[in-house]
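K.L.:
First to last, the protein sequences are chains A and B. The opening position of the first sequence corresponds to residue 18 in our numbering, with each subsequent residue numbered one higher. The opening position of the second sequence corresponds to residue 9 in our numbering, with each subsequent residue numbered one higher.
Worth flagging that the hints you see were computed from the coordinates, not collected in a lab. Values in this document were obtained by computation on a predicted structure and should not be read as measured data. Please note that the accuracy of each hint is not assured.
[What the hints assert, rightly or not] In silico lysine-lysine, BS3-like type, Cα no more than 30 Å apart, as pairs:
hint	chain 1	residue 1	chain 2	residue 2
1	A	K56	B	K37
2	A	K119	A	K20
3	A	K56	B	K38
[Stated by the list, open to error] Stretch-level coverage of chain B by chain A, calculated; a stretch enters the list once three of its residues show a Cβ under 8 Å from a Cβ in chain A:
hint	segment
4	24-34
5	58-67
6	76-83
7	133-140
8	143-156
9	208-214
Cβ coordinates follow ideal geometry from the N, Cα and C atoms, glycine included.
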Amino acid sequence: MDKTIRNFAIGLALLIILAPLGLLAVGETFGEWGSGELKEKLGYVPSGLEGLSSFWRAPIPDYALPGDESQTGTVAAYILSAAIGVVVCGGALYLIGKKVAKD
Amino acid sequence: MHIPDGYLGPYTYIAMWIIMIPVWYYAGKKLSTELKSKQVPLLALAAAFSFVIMMFNIPVPGGSTGHAVGAAIIGIVLGPWAAVIAISVALVLQALMFGDGGVTTIAANCFNMAAVMPFSAYYVYRLISKNSEVASYRRVIAAAIAGYISLTLAAAFTGFEFGIQPLLHQSATGVPLYMPYSLGVTLPAMLLEHAFGFSIIEALVTALIFAYIQKTDTSILYGEESRIKIKKDPRANTA
């Protein structure tokens with residue numbers, strides 16, 4: 018059990034480092050267009066969509082630090098985001114789990 | 009597959025919150041009664057894994073990009089209810105911190121990726137596994153098919169939620185207010201790019217991790233211990 022967990026954790030660390038490979042895929046995701054892309058496609062931005070689209074401002078939008086668009090900056094921000102995700106998700110579940118787990 | 013704010017109108021996103029709140033509540037209750045301390049590190053790893061695997065964007069022909077979710081293997085290993093919690097935490101963080109997926113649409117995204125996926129994956133895996141040996145090759149195939157079907161199904165749900173928007177919400181002159189494309193566009197778009205792309209990746213990821221667990225420690229698999237207990241106590245089977 019412990020060895021398996023350790024190896025999973027190593028695998029996860031590798032995934033964090035390799036995460037920037039995910040940046041290589043350039044393109045638009047269906048149903049995740051920004052207002053600009055929608056305007057280009059349709060000639061207008063649906064009004065309800067436009068209103069709701071600014072519902073939330075994420076601090077690290079699209080796993081990138083706003084303002085830094087250099088390649089190194091993008092890669093570093095992507096790795097940092099992956100690390101934040103792993104620490105926060107793993108940490109949250111670990112704490113919740115410890116609290117509720119039996120035996 | 010992460011639906012941003014604005015693509016679903018209030019009828020749909022509110023309905024999804026109404027569906028998901030009891031699902032989360034029940035999943036939480038189930039977790040607190042069934043989780044054993046030795047599973048805690050695995051649960052934490054699962055949420056973290058799901059978060060990271062979704063960052064691996066993959067291009068498909070046609071210019072779209074997407075990713076695996078990891079929900080199938082999590083559903084198989086931890087059981088579907090624990091998977092609901094683990095993947096939901098990842099999705100909530102993605103929405104709040106990174107703007108990947110909307111906030112109004114958190115429940116919809118959790119429904120598609122954190123509920124439909126682990127449940128369909130788990131039951132497909134069980135159905136195909138039947139009573140085969142835990143270490144059998146059949147189980148690897150079962151895991152792969154579970155990964156493939158579960159992500160394709162989640163894509164179908166997402167496509168459906170997108171596609172009903174023009175029917176539910178339009179201006180007085182008939183202009184769509186939210187997702188502008190109808191079912192005839194959204195369903196095939198979501199289904200095709202997943203069935204011929206991302207679902208294959210999900211199948212590979214699921215089978216690979218499953219085969220690794222087979223070789224190392226099958227005792228971490230959900231249900232492998234309780235199935236022995238069921239034989240002794242038939243009442244335990246109701247879950």
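K.L.:
Look at each hint and say if it fits the structure.
P.N.:
A quick look at each hint next to the structure:
Restraint check for K56/A and K37/B: the C-alpha separation of about 45 Å exceeds 30 Å, so the hint is violated. Of the supplied pair hints, the one linking K119/A and K20/A holds, its CA atoms being roughly 22 Å apart against a limit of 30 Å. In summary, the hint linking K56/A to K38/B is not supported, as the alpha carbons are separated by about 46 Å, beyond the 30 Å threshold. By the rule of at least three residues with a Cβ nearer than 8 Å to a Cβ of chain A, the coverage given for the segment 24-34 of chain B is violated, with 0 such residues.
Given a C-beta distance limit of less than 8 Å, the hint that chain A covers the segment 58-67 of chain B holds, as 9 residues qualify and 3 suffice. Residues of the segment 76-83 of chain B with a Cβ under 8 Å from some Cβ of chain A number 0, which does not satisfy the need for three, so the listed coverage is violated. For the segment 133-140 of chain B, the assignment as covered by chain A is violated, since 0 residues bring a beta-carbon within under 8 Å of that chain's beta-carbons and 3 are needed. Counting residues of the segment 143-156 of chain B whose CB falls under 8 Å from any CB of chain A gives 0; the rule of at least 3 is not met.
Residue count for the segment 208-214 of chain B with a Cβ under 8 Å from a Cβ of chain A: 0. That is fewer than the three needed, and the coverage hint is violated.
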